[in-house]
Amino acid sequence: MPELRLTVNGNGHALDAPVGESLAHVLRERLGLTGTKIACNEGHCGACTVQVGGVPTLSCITLAHRVDDEVTTIEGLRDHPLVEAFVRADAVQCGFCTPGQVVSAAALVASSPEPTVEEIRHRMAGNICRCGTYPKIEEAILHWRD
Amino acid sequence: MARLIRTEKEVEGRYEEVWLVVEEDPLEQWPAGPGAVVGRPASRVDGLARVRGEARYTADLQLLGMLHAAVLRSPHAHARVTRIDLAPALALPGVRAALGPGEIAALVEEPGYVGAPVAAVAADTFGAARAALDAIVVEWEQLEAVLDPEDAVARGALTVEPRHYERGDVDRALASADVVVESTYRTQTLLHNSMETHQAVCEWIGDSLTVYISTQYIWGVRAAVAKELGMPADKVRVVCEFMGGGFGSKNDPGEVTFVAAELARRAGRPVRCAMTRREENTAAGNRNATIQKLTVGATSDGTIVALAGEFTNAVGWAGWSASTEGPMRMLYACENVRTVTYGAKLNTPPMKAFRAPGFVEGTFGLECLIDELAAKLELDPLELRRRNHAESNDGMPYSSKHLLDCYALADKHWERRHEVRSRSDATWRYGVGTASQIWYGGGGPPSYAWTRVGSDGRIAVVTAMQDIGTGTRTAMAQIAAEELGVPLDRVEVSLGDSARGPYATLSAGSSTLPSVGPAVRAAAADAKRQIVEIAAQRYGVAEDAIDIRDGVVVSADGTVSVPLEELVGILDSAQILGKGARGPNPAGMSVLTFGVQVAEVAVDVETGEVRVLRVAAIHDVGRVVNPLGAQSQVEGGVVQGIGHTLSEERLLDPETGAVLTTSLDAYRMPTIADVPEIVSEFVDVPDAHLTNLGSKGLGEPPIIPTAAAIANAIRDATGADVHEIPISREEMLRALAEARERAKAGAKERVGAR
Chain A
1 MPELRLTVNG
11 NGHALDAPVG
21 ESLAHVLRER
31 LGLTGTKIAC
41 NEGHCGACTV
51 QVGGVPTLSC
61 ITLAHRVDDE
71 VTTIEGLRDH
81 PLVEAFVRAD
91 AVQCGFCTPG
101 QVVSAAALVA
111 SSPEPTVEEI
121 RHRMAGNICR
131 CGTYPKIEEA
141 ILHWRD
Chain B
147 MARLIRTEKE
157 VEGRYEEVWL
167 VVEEDPLEQW
177 PAGPGAVVGR
187 PASRVDGLAR
197 VRGEARYTAD
207 LQLLGMLHAA
217 VLRSPHAHAR
227 VTRIDLAPAL
237 ALPGVRAALG
247 PGEIAALVEE
257 PGYVGAPVAA
267 VAADTFGAAR
277 AALDAIVVEW
287 EQLEAVLDPE
297 DAVARGALTV
307 EPRHYERGDV
317 DRALASADVV
327 VESTYRTQTL
337 LHNSMETHQA
347 VCEWIGDSLT
357 VYISTQYIWG
367 VRAAVAKELG
377 MPADKVRVVC
387 EFMGGGFGSK
397 NDPGEVTFVA
407 AELARRAGRP
417 VRCAMTRREE
427 NTAAGNRNAT
437 IQKLTVGATS
447 DGTIVALAGE
457 FTNAVGWAGW
467 SASTEGPMRM
477 LYACENVRTV
487 TYGAKLNTPP
497 MKAFRAPGFV
507 EGTFGLECLI
517 DELAAKLELD
527 PLELRRRNHA
537 ESNDGMPYSS
547 KHLLDCYALA
557 DKHWERRHEV
567 RSRSDATWRY
577 GVGTASQIWY
587 GGGGPPSYAW
597 TRVGSDGRIA
607 VVTAMQDIGT
617 GTRTAMAQIA
627 AEELGVPLDR
637 VEVSLGDSAR
647 GPYATLSAGS
657 STLPSVGPAV
667 RAAAADAKRQ
677 IVEIAAQRYG
687 VAEDAIDIRD
697 GVVVSADGTV
707 SVPLEELVGI
717 LDSAQILGKG
727 ARGPNPAGMS
737 VLTFGVQVAE
747 VAVDVETGEV
757 RVLRVAAIHD
767 VGRVVNPLGA
777 QSQVEGGVVQ
787 GIGHTLSEER
797 LLDPETGAVL
807 TTSLDAYRMP
817 TIADVPEIVS
827 EFVDVPDAHL
837 TNLGSKGLGE
847 PPIIPTAAAI
857 ANAIRDATGA
867 DVHEIPISRE
877 EMLRALAEAR
887 ERAKAGAKER
897 VGAR
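Chains as they are written, first to last, in the working numbering: chain A, 1 to 146; chain B, 147 to 900.
One chain only, chain A, in its complex shape (with noise of 0.2 Å):
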């Protein structure tokens, strides 16, 4: 097996991988990071959102040995400002999409600190939560440094 070099939330690691391993099972079953949900597995949902140089990512496509970036996943998010703001807005149901729009969002306030509704509306749009706290999300996000 070929050697993965991967550096996650400032941490390098070094493991043997296949190739065709998704970023998403490399976080989660090697790593033990399972704040990083997989919902859908084929780039649908937003669950499995990463940041890959800040960039948001679908984790569950992206193959492993294709990242030459640094990754960022909610485990490297927890003491965002965001996270109280998602708590606060009670921007959180069954929470099982909740770290990957706390990682999208994150994205979002990092380029674009004041983002307007229509920002939050289009930059968070790849997201689904079906329990539907899109309206709470919203909100937390505007408010993300109260």
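Some clues are possibly wrong.
Here's a subset of chain B near chain A, in silico, CB distances under 8 Å, partners left out [stated by the list, open to error]:
no., residue
1, SER189
2, ARG190
3, LEU194
4, ARG198
5, ALA205
6, GLY390
7, GLY391
8, GLY775
9, SER809
10, ASP811
11, ALA819
No wet-lab data here; the hints were simulated from the structure. Every residue gets a Cβ at the ideal spot worked out from N, C-alpha and C, and that includes glycine.
Dock chain B against the given chain A, drawing on the hints supplied.
Here is chain B on its own, set in the frame of chain A:
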């Protein structure tokens, strides 16, 4: 005292007569309005764990040596397995066990729908298990498949005998009516699509089985597994601390549990069986399609004199024929009602409960019909609903009903229609519509809870219920904090483990809070009584003079003011234990929830595009324990309702019966960009007859009237009568064309009359 009663038990609108052991509930309800904790908005006690990705779901569980199962599913809508050879699969590297049809009941020799489970393998990795499925040699004999529900009803292919209901004399009432409206409504098949797919991890230790499962009912799983496997129930432990949504689809163990349990037994290792998203959309259950042929008759003053309906539930291969006729029977004061409901047995995937099963579908039909009646009578639709307000449920008094108060709160939203309509231009038409809601949600006994007060003055609530994402964990903490007079952050709630807590009801039927909440309060009161007794002895004050407020033990005369942890600190590591039970429901009363929603829409009459701009939701669910969590429930229900109304539909290949919408790009659920402004309001008056809380459930009510409110807003905007959901552009354009034809014919008629 324990009391044995014979009572009707309601789950998801289905009733059964059962014996129940109930305990008396001597606690008086708290006064209406916010207390110190209950009735005040609280963010989730487990919010951080979920948002930070620390909460451990079934999907996240990794047991040492755990194998992964994959399930072979039928490619045919109806077939018989004539030969199967598992040996080639077992010979592959990494494959540890395999099961064929009939080896467990969940794997069938005669699959009745595309996707029915037939065989399973367990391997070191999921990839190896999936690959091994391809090595299984199967020969099929294809059998005749019935895919069309009307065809099934005509042939008498039914899941149960047709259900008839009648009161009064419908034919005579229709003959005497000034106006009669007849319409046929269709609702589509919908998929739950919980974010966490159906899955279980099973592990044997000796003759004991632990089932880790994403479920809405750990005790139901325990009972079903024990029965199927012929085990004592105490040998089955079921665990579900966090779960990623269910919406009714996870009330039973499902094939994943039985497959994992048997493969784990054979392999001698823990086994995970998890559905992929595509399996989820095929075989995890659905809200079945319906066809509703409805008739209403009314006098010219708007009194509804007759209602009749013929309902066909396209149940599928398994499931039950839900109460699609329920709203017609229950929502309005009408002396003459007749319904018949058919449950079509089809070679299509099985129905499972989905958030107010039957009532979501039936409310769409009935409430559109009522609006068509209002249009014909040229009456205000909200006024028509007021005029036909029911004062009893078929003669049985309500434990509480504040639907008229809901209508009163809706008035200000309804008044917006003049301004909203005025935004219309040649292309975009604007309108406002309304629809009412009726549903169960009273819960019932039994459910139990324990409390444990430690010497640090912190409270543990232990009850083996589930929190499926509705926030029940938080509500229970609030109830215990209120009763014990401590701040919310002093309370921990331990749930989701059948071996480590007392029985609690299922998380379905809007029943968790009204069932378990009163038991938690009783358990907290039991602990508080003991604290008061200890304080009385310790400080030499009469018991009835002592109270706990904000974590401080106080006496009426002010001589005692001691932090709780100081008083109970003498316990060291010992604890005060409380226990509580859910008391009986009020005898001879109908416990129901009510509400009304007002939707604002814009319709592009050229393209048929529909946009929902605003939904106001007003509901009566008794006392609201957590206004923030309640608001979230309403918003989530409305969002799901909008998906049901405009975009979601499970499509089947009409030739083969295969699901075409297995992925989330094909099955279109709302995204954040599809969500309108949602306003939620509550009557928030405790039900004086219902338990020590006066609270009803809220999981289901908000999804019930949304589709009809949107369809009625479309009528207000365009004059078009929408008759099916989803309201696709085709359906919208059809309804618009029909409305234009009607207007033309009406104009001709008027010319002719002149």
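The hints, checked one at a time:
Residue-level restraint check for SER189 of chain B holds (minimum Cβ-Cβ distance to chain A is 5 Å; threshold 8 Å). Hint status for ARG190 of chain B: holds, given a least beta-carbon distance of 6 Å to chain A, under 8 Å. For LEU194 of chain B, the interface hint holds, since its Cβ comes within 8 Å of a Cβ in chain A; the closest pair sits about 6 Å apart. At its closest, the beta carbon of ARG198 of chain B sits 5 Å from a beta carbon of chain A; the interface hint therefore holds under the 8 Å criterion.
Hint on ALA205 of chain B holds. Least Cβ distance to chain A is approximately 7 Å, under the 8 Å limit. For GLY390 of chain B, the interface hint holds, the least distance from its beta-carbon to any beta-carbon of chain A being 3 Å, beneath 8 Å. Of the supplied interface hints, the one on GLY391 of chain B holds, with its beta-carbon coming within about 4 Å of a beta-carbon of chain A, less than 8 Å. Among the interface hints, the one on GLY775 of chain B holds; its C-beta lies about 7 Å from the nearest C-beta in chain A, closer than the 8 Å criterion.
Given hint, SER809 of chain B at the interface with chain A, holds; its Cβ is 6 Å from that chain's nearest Cβ, closer than 8 Å. Because the smallest distance between the Cβ of ASP811 of chain B and any Cβ of chain A comes to about 5 Å, under 8 Å, the interface hint for this residue holds. Among the interface hints, the one on ALA819 of chain B holds; its C-beta lies about 4 Å from the nearest C-beta in chain A, closer than the 8 Å criterion.
In summary, this structure violates none of the numbered hints.
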